[in-house]
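Number of protein chains: 2
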Amino acid sequence: MVQLAKGSRKSGATRRIYLSLRDQILSGVYDTGEKLPSSRALAGELGVSRTTVTAAYDQLISEGYIQVRQGAKPTVGFEGRHTCTRPESRPQDTTPRVSAYASRAMALPKNISPEQAVLQYDFRYGDVASSDFPKLAWRRALNAAVLAHRERLGYEHPAGSLALRRALQSYLWRARGIECDVAQIIIVSGSQQALDLCARVLVDAGSQVVLEEPCYAMARNVMLATGAMPVATPCDKDGMDTSRLPDPTGVALAFVTPSHQFPLGGVLPSGRRKALIEWAIAGNTYIIEDDYDGEYRYDVRPIPPLWMTGKGRVIYVGTVSKTLSPTLRLGYTVLPSTLVETFVRCKQITDRHSSSFEQEALASMIDTGAYESHVRKMRRLNAERRAVFLNAMAEAFGDEVDIVGTSAGLHIVAWFNCLTASDEERFAGCARQEGVGIYPISRLFASPTDQRAGFIFGYASMPVALIGKAVEKLVQVYRSKFWSA
Amino acid sequence: MVQLAKGSRKSGATRRIYLSLRDQILSGVYDTGEKLPSSRALAGELGVSRTTVTAAYDQLISEGYIQVRQGAKPTVGFEGRHTCTRPESRPQDTTPRVSAYASRAMALPKNISPEQAVLQYDFRYGDVASSDFPKLAWRRALNAAVLAHRERLGYEHPAGSLALRRALQSYLWRARGIECDVAQIIIVSGSQQALDLCARVLVDAGSQVVLEEPCYAMARNVMLATGAMPVATPCDKDGMDTSRLPDPTGVALAFVTPSHQFPLGGVLPSGRRKALIEWAIAGNTYIIEDDYDGEYRYDVRPIPPLWMTGKGRVIYVGTVSKTLSPTLRLGYTVLPSTLVETFVRCKQITDRHSSSFEQEALASMIDTGAYESHVRKMRRLNAERRAVFLNAMAEAFGDEVDIVGTSAGLHIVAWFNCLTASDEERFAGCARQEGVGIYPISRLFASPTDQRAGFIFGYASMPVALIGKAVEKLVQVYRSKFWSA
Chain A
1 MVQLAKGSRK
11 SGATRRIYLS
21 LRDQILSGVY
31 DTGEKLPSSR
41 ALAGELGVSR
51 TTVTAAYDQL
61 ISEGYIQVRQ
71 GAKPTVGFEG
81 RHTCTRPESR
91 PQDTTPRVSA
101 YASRAMALPK
111 NISPEQAVLQ
121 YDFRYGDVAS
131 SDFPKLAWRR
141 ALNAAVLAHR
151 ERLGYEHPAG
161 SLALRRALQS
171 YLWRARGIEC
181 DVAQIIIVSG
191 SQQALDLCAR
201 VLVDAGSQVV
211 LEEPCYAMAR
221 NVMLATGAMP
231 VATPCDKDGM
241 DTSRLPDPTG
251 VALAFVTPSH
261 QFPLGGVLPS
271 GRRKALIEWA
281 IAGNTYIIED
291 DYDGEYRYDV
301 RPIPPLWMTG
311 KGRVIYVGTV
321 SKTLSPTLRL
331 GYTVLPSTLV
341 ETFVRCKQIT
351 DRHSSSFEQE
361 ALASMIDTGA
371 YESHVRKMRR
381 LNAERRAVFL
391 NAMAEAFGDE
401 VDIVGTSAGL
411 HIVAWFNCLT
421 ASDEERFAGC
431 ARQEGVGIYP
441 ISRLFASPTD
451 QRAGFIFGYA
461 SMPVALIGKA
471 VEKLVQVYRS
481 KFWSA
Chain B
1 MVQLAKGSRK
11 SGATRRIYLS
21 LRDQILSGVY
31 DTGEKLPSSR
41 ALAGELGVSR
51 TTVTAAYDQL
61 ISEGYIQVRQ
71 GAKPTVGFEG
81 RHTCTRPESR
91 PQDTTPRVSA
101 YASRAMALPK
111 NISPEQAVLQ
121 YDFRYGDVAS
131 SDFPKLAWRR
141 ALNAAVLAHR
151 ERLGYEHPAG
161 SLALRRALQS
171 YLWRARGIEC
181 DVAQIIIVSG
191 SQQALDLCAR
201 VLVDAGSQVV
211 LEEPCYAMAR
221 NVMLATGAMP
231 VATPCDKDGM
241 DTSRLPDPTG
251 VALAFVTPSH
261 QFPLGGVLPS
271 GRRKALIEWA
281 IAGNTYIIED
291 DYDGEYRYDV
301 RPIPPLWMTG
311 KGRVIYVGTV
321 SKTLSPTLRL
331 GYTVLPSTLV
341 ETFVRCKQIT
351 DRHSSSFEQE
361 ALASMIDTGA
371 YESHVRKMRR
381 LNAERRAVFL
391 NAMAEAFGDE
401 VDIVGTSAGL
411 HIVAWFNCLT
421 ASDEERFAGC
431 ARQEGVGIYP
441 ISRLFASPTD
451 QRAGFIFGYA
461 SMPVALIGKA
471 VEKLVQVYRS
481 KFWSA
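Those protein sequences? They're chains A and B, same order as listed. Mapping the first sequence onto the working numbering, position 420 (from 1) lands on 420, and the numbers just tick up by one. Mapping the second sequence onto the working numbering, position 364 (from 1) lands on 364, and the numbers just tick up by one.
Just chain A, with the same shape it has in the complex:
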């Protein structure tokens, strides 16, 4: 049954007439040159006003289906006929011709979140608890942004809201010790877009790109889709082992997480930081510093970003996904001055600019101090989650499990000394059946080396009260041998 736009009864009649005539023409009931009834005749026949019919005819004329000469009946002016059944109801050529980029993207391991099954105890990394989101503060900031006076609504500068970039400039200095000019800050739609822009601006198909081993999967995916040749550089407890970096000549880009290596959690020591930067200078290579969870450190204060000593080789990437919500899609980059103009151009081509109201809302949350007080609150809350979780794991598994990367961030890696990497998927599968989501680390290795089974546990979305139960469930699965059958 044809649904009609609300409050358009009259034009609804016109539309019905128009649609039925169009379909008859398209399906060949009326052929080219054939005459339609006069508007008067058709109006009488259908029992509608003549203007209703005329409006329908006007529509058909404006689309070229019919022609009218003064006084004469309308004639079908449509060349030939073709049916207008829904495109999707007819056979498709099932192999669309796509770009090299798309072919590479389709060859990537499938990684479409969210996973459909809702688990009772999910340690999926990247999620945050809905109850942690500062609903009131965000609504207040958003409402202010919507109500703010503007002359007109037009496309804004691709680099983003000046208010937000100013707010971030001083936030980054207060919180991370970054001294930069506002002009070096570009707002992006989440750190994912920052990685994608880096690939666009700096990487060609065939370029070498240095990645950490193991590596954040979506960073590797960006580079593989771009056609880069990844060079996996092993990480140990101190992050990337810079002594094993390849010859920098011809390397376009290196992706690192120096504050808290993802997923292993190492903190890159200053000696390696220095070596990495000298390596980049030697190769005229750029470094992406993904500071994805720099706000979360429990034993020590945040570590100054690589960017500060980067001598213009480092692209700093930050996000609010871990402090506010991953669903907001707000992030920022701090660029070497020489790259600013290029990033601005490419950002504009990509999506013009990021959502303005949300940029302004974040700006006012930072300016009022609401953002930093929320970050402090989150730091306390996640410190508690972490403590409860680590205790529960120690009690449940004792020294059958080694846990690493605990000093920072919102996740840890647990190595199961009595399981091998080949057990990971099966164990995770059985845990899922019991409602516990754990995530095998082998998925993040280009070529797994460690023989033990490892899993990433994100705890930021876990209610403190449930953590104990979750670990209990997990240890039950672990002890029961059915899963290894």
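In case anyone wonders, no lab produced these hints; they're calculated from the structure. This one's a predicted model, so the numbers in the text were calculated from it and none came from an experiment. Among the hints, erroneous ones may be present.
[Claimed, not checked] The following label-pair restraints were derived from C-beta to C-beta distances:
| # | chain 1 | residue 1 | chain 2 | residue 2 | range |
| --- | --- | --- | --- | --- | --- |
| 1 | A | Ala-41 | B | Thr-406 | 23 to 33 Å |
| 2 | B | Ser-170 | A | Thr-95 | 24 to 34 Å |
| 3 | B | Ala-446 | A | Ser-131 | 51 to 61 Å |
| 4 | A | Glu-384 | B | Asp-23 | 32 to 42 Å |
| 5 | A | Ser-103 | B | Leu-466 | 50 to 60 Å |
| 6 | A | Lys-135 | B | Gly-12 | 28 to 38 Å |
| 7 | A | Ser-170 | B | Arg-150 | 27 to 37 Å |
| 8 | B | Leu-466 | A | Ala-217 | 24 to 34 Å |
| 9 | B | Val-464 | A | Thr-95 | 46 to 56 Å |
| 10 | A | Glu-384 | B | Gln-67 | 30 to 40 Å |
| 11 | B | Ser-170 | A | Ser-131 | 25 to 35 Å |
[To be verified] Coverage of chain B stretches by chain A, computed from C-beta distances (three or more under 8 Å per stretch; other residues unrestricted):
| # | stretch |
| --- | --- |
| 12 | 147 to 158 |
| 13 | 323 to 329 |
Ideal Cβ placement from N, Cα and C applies to all residues, glycine included.
Starting from the known structure of chain A, arrange chain B on it as the hints suggest.
Here is chain B on its own, set in the frame of chain A:
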């Protein structure tokens, strides 16, 4: 002066000590192996608590600047020295090595909006009046979206909010006669991102892409940055002249605006629509249908999109930039089923997904009918702006100006019969000096042909009361001959 995070006086002292020691180590005041004072000695010397100093030392240890053996004084463990002056304060290599994509993007005509000068009467196309934005309805919808119950906040499906895609499915049928499955709808961050995704998925460097002549500049820019070879196909009063399409073999993509050609305003007749689709089938080529202002038609009802008769060759692109605001960055595509999975993958790599709260806000505005009643209000309002503007132009210029593209959309093109294309920039410049922003059409031609001067007038951001004055100002500039000097 060092700014400190609010409410962190104690840790502020720690941070000051940490920073000064770090800088002394980095700048070589302390060299490798050298001893630092004991925490007790330094605490006494600085008149702070010993724990304050210990915390600073812990930080330096965690970053590898110093080492401590039980009972002994901390020794500098940092290999070698380098200064840590701000990266931006030292000479840069001024020619960064960038990708082929970035080089092409930088070679494009510069087109960074907004233009800084605020004009009293600006006919810039794409802007909408701030007063037209439905602040109350949008705030209500946003607040509901923020407050909506969620188990957790995690990355959502790249195709976008299911609620919004469902709402759009029925909206697109009601308003545009599109029958599609929810699975064929993908939410994007504005139509610009849709164009960019089409280029990524379907275009390689060197691919031929058919563009309208004249053409929407940002569509051409996307294709040029991707390295496509554009084939300009002339448009007349009925839109793209399909009889002048190139051989479709090897053409990857065609970009068209069939409902209201941008900028000339022609409506593509059904004969040409049929020819275009058969052309695409013959070449296994896809067509982007940019329905950028399909909601705005004044003399006739909206025209059914090409998509409906497109036999799976057409990618429909819609946006709320003209109905709500270009600053929201919300758009949507309706895809042939064969392309859905590929677009989803590439969208995820690009930015994971679009902003969730705003997607849900739009969904509820559509579901409650608030969106469509706003669209009807905007149609009335812009019909009035258009009428006032066309009258003013007719009075002021009579037959010295030909106006085209008036039956739809939010802009018109005015051809000045007594001026040549070479006068455009100078005339626009003098108009700007008088506070009137008009935009030369030659900028949108790959190779201008029409000898007359033409300008695009967008009226959607103009207060009705100012339109007469604006045209008055313009005709004054036109009559006064100083500008042609």
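Hint by hint, here is what the structure shows:
At about 32 Å, the beta-carbon gap between Ala-41(A) and Thr-406(B) stays in the expected band of 23 to 33 Å. For the pair Ser-170(B) and Thr-95(A), the supplied restraint of 24 to 34 Å holds, since their beta-carbon distance comes to about 32 Å. A hinted range of 51 to 61 Å for the beta carbons of Ala-446(B) and Ser-131(A) is consistent with their spacing of about 55 Å. Under the hint 32 to 42 Å, the C-beta atoms of Glu-384(A) and Asp-23(B), about 34 Å apart, fit the expected range.
About 52 Å separates the C-beta atoms of Ser-103(A) and Leu-466(B), a value consistent with the hinted range of 50 to 60 Å. Range check, Lys-135(A) to Gly-12(B): Cβ separation about 31 Å, and the 28 to 38 Å hint holds. The supplied range of 27 to 37 Å is met by Ser-170(A) and Arg-150(B), whose beta-carbon atoms lie about 32 Å from each other. Range check, Leu-466(B) to Ala-217(A): about 54 Å between beta-carbon atoms, so the 24 to 34 Å window is missed.
For the pair Val-464(B) and Thr-95(A), the beta carbons lie near 53 Å from each other, so the given range of 46 to 56 Å is met. Range check, Glu-384(A) to Gln-67(B): about 31 Å between beta-carbon atoms, so the 30 to 40 Å window is met. Taking 25 to 35 Å as the suggested C-beta distance range, the pair Ser-170(B) and Ser-131(A) conforms, at roughly 33 Å. Coverage of the stretch 147 to 158 of chain B by chain A holds. Counting CB-CB distances below 8 Å, 11 residues qualify, and the rule asks for three or more.
Three residues within the 8 Å Cβ limit are the bar, and the stretch 323 to 329 of chain B against chain A gives 5, so the coverage statement holds.
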